[in-house]
Each structure stands twice: as C-alpha cells, then as structure tokens.
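Novice: Sequence:
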Amino acid sequence: MNLTELNRIATAMVAPGKGILAADESSGTIKKRFDAIGVESTEANRRDYREMLFRSNEAMSQYISGVILYDETIWQDAKDGTPLIKLIEQSGAIPGIKVDEGTQALPMCPGELVTVGLDKLAERLKKYYERGARFAKWRAVIDIGSGIPSMTGISVNAHALARYAALCQTAQIVPIVEPEVLMDGDHDIERCYDVTQRVLNKTFQELRVQRVALEGMVLKPNMAISGKKSPKQAGVEEVAEKTVRLLKACVPAAVPGIAFLSGGQSDEEATAHLNAMHKLGPLPWGLTFSYGRALQAAPQKAWSGKAENVAAGQRAFSHRARMNGLASKGEWQSSLEKKAA
Numbered sequence: 658m659n660l661t662e663l664n665r666i667a668t669a670m671v672a673p674g675k676g677i678l679a680a681d682e683s684s685g686t687i688k689k690r691f692d693a694i695g696v697e698s699t700e701a702n703r704r705d706y707r708e709m710l711f712r713s714n715e716a717m718s719q720y721i722s723g724v725i726l727y728d729e730t731i732w733q734d735a736k737d738g739t740p741l742i743k744l745i746e747q748s749g750a751i752p753g754i755k756v757d758e759g760t761q762a763l764p765m766c767p768g769e770l771v772t773v774g775l776d777k778l779a780e781r782l783k784k785y786y787e788r789g790a791r792f793a794k795w796r797a798v799i800d801i802g803s804g805i806p807s808m809t810g811i812s813v814n815a816h817a818l819a820r821y822a823a824l825c826q827t828a829q830i831v832p833i834v835e836p837e838v839l840m841d842g843d844h845d846i847e848r849c850y851d852v853t854q855r856v857l858n859k860t861f862q863e864l865r866v867q868r869v870a871l872e873g874m875v876l877k878p879n880m881a882i883s884g885k886k887s888p889k890q891a892g893v894e895e896v897a898e899k900t901v902r903l904l905k906a907c908v909p910a911a912v913p914g915i916a917f918l919s920g921g922q923s924d925e926e927a928t929a930h931l932n933a934m935h936k937l938g939p940l941p942w943g944l945t946f947s948y949g950r951a952l953q954a955a956p957q958k959a960w961s962g963k964a965e966n967v968a969a970g971q972r973a974f975s976h977r978a979r980m981n982g983l984a985s986k987g988e989w990q991s992s993l994e995k996k997a998a
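Start counting at 1 in the sequence shown, then tack on 657, and there's your number in our numbering.
Where hints are given, some of them may not hold.
Calculated pairs, PhoX-like style, for lysine-lysine (alpha carbon to alpha carbon, straight line, at most 20 Å) [claimed, not checked]:
#: 1; residue 1: K689; residue 2: K958
#: 2; residue 1: K905; residue 2: K885
#: 3; residue 1: K889; residue 2: K905
#: 4; residue 1: K986; residue 2: K905
#: 5; residue 1: K899; residue 2: K963
#: 6; residue 1: K958; residue 2: K905
#: 7; residue 1: K743; residue 2: K784
#: 8; residue 1: K736; residue 2: K936
#: 9; residue 1: K958; residue 2: K899
#: 10; residue 1: K688; residue 2: K963
#: 11; residue 1: K688; residue 2: K986
#: 12; residue 1: K689; residue 2: K986
#: 13; residue 1: K899; residue 2: K885
What follows is a list of derived Cβ distance ranges for each label pair [said to hold, decoys possible]:
#: 14; residue 1: R865; residue 2: G759; range: 39 to 47 Å
#: 15; residue 1: T661; residue 2: S718; range: 37 to 45 Å
#: 16; residue 1: Q890; residue 2: G738; range: 43 to 51 Å
#: 17; residue 1: P767; residue 2: P673; range: 17 to 25 Å
Note that these hints are calculated values from the structure, not bench results. We put the CB at the ideal spot given by N, CA and C, even for glycine.
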C-alpha cells in the first residue's frame with residue numbers, strides 16, 4: 658500500500674471549492690428518478706444522461722473533484738465510443754466506484770439492515786483499479802425508530818465498513834466510508850445527533866482495529882438534522898453548529914476530508930447547511946459535498962430525456978455544482994440562486 662498516493666487522492670477529492678458527484682444510483686433508484694420525468698430507464702438512456710453530466714465542462718472541470726459510478730456505468734462507452742470513465746479523467750476529476758451490493762435484513766434485529774458485498778470484493782477491486790477507478794464507496798444504512806438502531810446493528814455495519822476500507826487500501830483505492838443515519842423518521846435533531854455520534858465512534862473504533870490508515874480515506878456522513886416527519890425542524894444555523902460539534906468530537910484530524918451526503922434534503926437546504934458550517938471558523942479536515950439527488954434533480958428535470966435539452970440540463974448541473982462549490986468555501990448566498998433562476 659502506497660499511503661502517500663492514497664493521501665494525495667483523498668486530499669484531491671475534498672479540494673477547496675470542489676466536491677464529489679454521486680452518480681452511482683442503482684438500476685432501481687435511477688428508474689424511479691426517470692419515472693418522475695417520464696423517461697424510460699433503458700441502458701442507452703442511462704448512458705446518455707450520465708454522458709450529458711460528464712460532458713458538462715464548466716461543472717466538471719471547476720467544481721467536481723470526483724464521480725462515484727455504478728458498475729454498469731464504469732464499463733459503458735459514450736455515443737462516440739469514448740469510455741465514460743475517460744470523459745471524467747479528461748475533465749480533471751477522479752473516477753470512483755460504488756462497490757457495496759445493497760442491503761439485507763439483519764438477522765435477529767427487526768427493522769435493521771446490513772450492507773452486503775464483501776465476499777468477492779478483493780477481485781472486483783482489482784478489475785475496477787485496472788479500469789481507472791481510484792476510490793470506492795460503501796454505504797451502511799442506519800435507521801432511527803422505536804428501539805433502533807441496536808448496538809448489534811451499529812456494530813455489524815461498522816465492522817463491514819472497516820473490512821471494506823481495508824480491502825480498498827490494499828488494492829490502492831481510497832475508501833469513502835459512508836455510515837448513513839437516515840432522516841426519514843419523526844425524530845428531532847437531538848436524537849439524530851446522539852445516534853450519529855454512536856455510529857461514528859463505533860466506525861472509527863472498527864477502522865482502527867482493522868488497521869485502516871485514516872490518512873488514506875474520506876468520510877461520507879449525514880448531517881445532524883431533524884427527521885423529515887419531525888414537527889420540530891432545526892434551522893440552518895442549528896444544523897451547522899451541531900454537525901460541526903459532532904464531527905469535531907468523533908472524527909480524527911488525520912482524516913483528510915469529509916464529504917456529506919444530502920440524504921433527502923432539498924437542493925438549497927443541502928447547500929445552505931454546508932455553507933453555514935464553513936462560517937464556523939477553521940476546521941481540522943476538508944469539508945465538502947458528495948451529493949446525488951441534490952446535484953442531479955434540476956438537470957434531470959431540465960433534460961427530460963430529450964437530445965435538444967442537453968444544453969439546458971448541463972446549465973442546470975453547472976449551476977448546482979457552482980452553488981455547492983461556493984458553499985464548500987463558505988461563499989454561497991441565497992441571492993445567487995435567485996439570480997440564476
């Protein structure tokens with residue numbers, strides 16, 4: 658393992674003003690997104706849509722540091738025969754790959770899930786590295802509800818995340834470690850803070866046990882935020898303050914950077930929260946975004962599966978990428994959204 662090189666890539670992934678595009682939607686998820694805009698989810702349509710994003714020169718070269726791909730996409734070629742992964746490299750962004758194989762019910766733990774996909778991961782990582790992937794992603798899903806998450810649910814998922822991370826580093830691939838505490842419930846921000854703290858502490862304990870070099874990884878956590886169904890919604894300042902406090906308490910300074918998931922926040926909320934965190938003074942790690950829906954909802958709608966809308970889709974993508982790029986330096990203002998509209 659060449660830790661200097663892993664650290665160089667991890668640092669580039671969280672470079673100031675840039676963030677990671679999560680374009681790794683599973684076939685099921687992208688079908689839901691396409692259904693919403695009236696587009697059939699065929700292999701050709703999925704390719705055309707992602708090609709549109711990767712050819713958005715302004716967004717990709719100025720605001721996107723890396724792209725997380727789905728297995729189908731990493732092997733696909735653009736319409737002109739260029740591998741999609743090459744389009745990403747040509748823009749100066751780093752290609753990455755989602756390697757988990759989704760979730761299964763966790764035995765003996767009703768309502769809890771465990772992420773699977775470790776079995777043949779070592780061989781798969783070799784192939785992805787040869788194809789050009791330099792980082793990977795594995796997502797653990799922690800739900801908040803009555804009596805959950807259990808200690809078992811947290812431990813099992815933290816253990817799997819650390820095993821995945823160790824396998825990645827052995828294959829000279831930077832692991833994005835993503836323990837996502839979902840925001841679907843009716844819990845308040847205090848409960849989210851408490852659960853996320855337990856999850857992060859356990860995750861870093863496991864990473865140490867399994868000898869993962871913290872300097873060669875990126876953390877992709879949720880923010881401390883109210884559940885979507887909570888009657889008490891925390892404001893932007895409270896989300897920023899609590900999230901930064903939580904991360905400072907749990908994330909060692911050796912980690913080069915933290916790239917947030919958006920987790921169902923609206924486009925502007927995700928941007929405003931990230932921006933407010935950068936107003937809270939110097940931070941020990943790079944702090945940026947790794948958004949999927951919060952970067953893609955607008956370009957998807959503008960594109961709507963029509964070739965004549967590609968330029969409009971690219972404009973919408975560039976705008977969201979720029980807004981988040983500014984937020985990752987604390988330079989975003991809501992007036993910039995209105996200007997663009």
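Novice: A separate judgement is required for each hint: does it hold in the structure or not?
Specialist: Evaluation of the provided hints:
Distance restraint check for K689 and K958: the Cα-Cα separation of roughly 13 Å lies within the 20 Å cut-off, and the hinted pair is therefore satisfied. For the proposed pair K905 and K885, the alpha carbon gap of about 25 Å is over 20 Å, so the pair is violated. Of the pairs offered as hints, the one joining K889 and K905 is violated, with about 25 Å between alpha carbons and a cut-off of 20 Å exceeded. The hinted pair formed by K986 and K905 meets the criterion: a straight-line CA distance of about 18 Å does not exceed 20 Å.
Using a Cα cut-off of 20 Å, the hinted pair K899 and K963 is violated, with the two alpha carbons roughly 42 Å apart. For the proposed pair K958 and K905, the alpha carbon gap of about 37 Å is over 20 Å, so the pair is violated. Between K743 and K784, the direct Cα distance comes to roughly 16 Å. Compliance with the 20 Å bound is thereby established for this hinted pair. With a CA separation close to 43 Å, the supplied pair K736 and K936 exceeds the 20 Å bound.
Only pairs whose Cα atoms come within 20 Å are accepted, and K958 paired with K899 is rejected, the gap being roughly 33 Å. Under the criterion of a C-alpha separation no larger than 20 Å, the hint pairing K688 with K963 is consistent with the structure, at around 16 Å. Only pairs whose Cα atoms come within 20 Å are accepted, and K688 paired with K986 is rejected, the gap being roughly 34 Å. For the given pair, K689 sits about 33 Å from K986 by alpha-carbon distance, which is inconsistent with the 20 Å threshold.
For the hint pairing K899 with K885, the CA-to-CA distance comes to about 17 Å; that is within 20 Å, so the pair holds. Against the hinted window of 39 to 47 Å, the Cβ-Cβ separation of R865 and G759 comes to about 27 Å, which falls outside the hint. Taken as a hint, the range 37 to 45 Å is violated for the pair T661 and S718, whose Cβ atoms sit roughly 26 Å apart. The hint said 43 to 51 Å for the Cβ distance between Q890 and G738, and at roughly 49 Å that hint holds.
A C-beta distance of roughly 44 Å is found between P767 and P673, which places it outside the suggested range of 17 to 25 Å.
When held up to the earlier numbered hints, the structure conflicts with 2, 3, 5, 6, 8, 9, 11, 12, 14, 15, 17 and fits the remainder.
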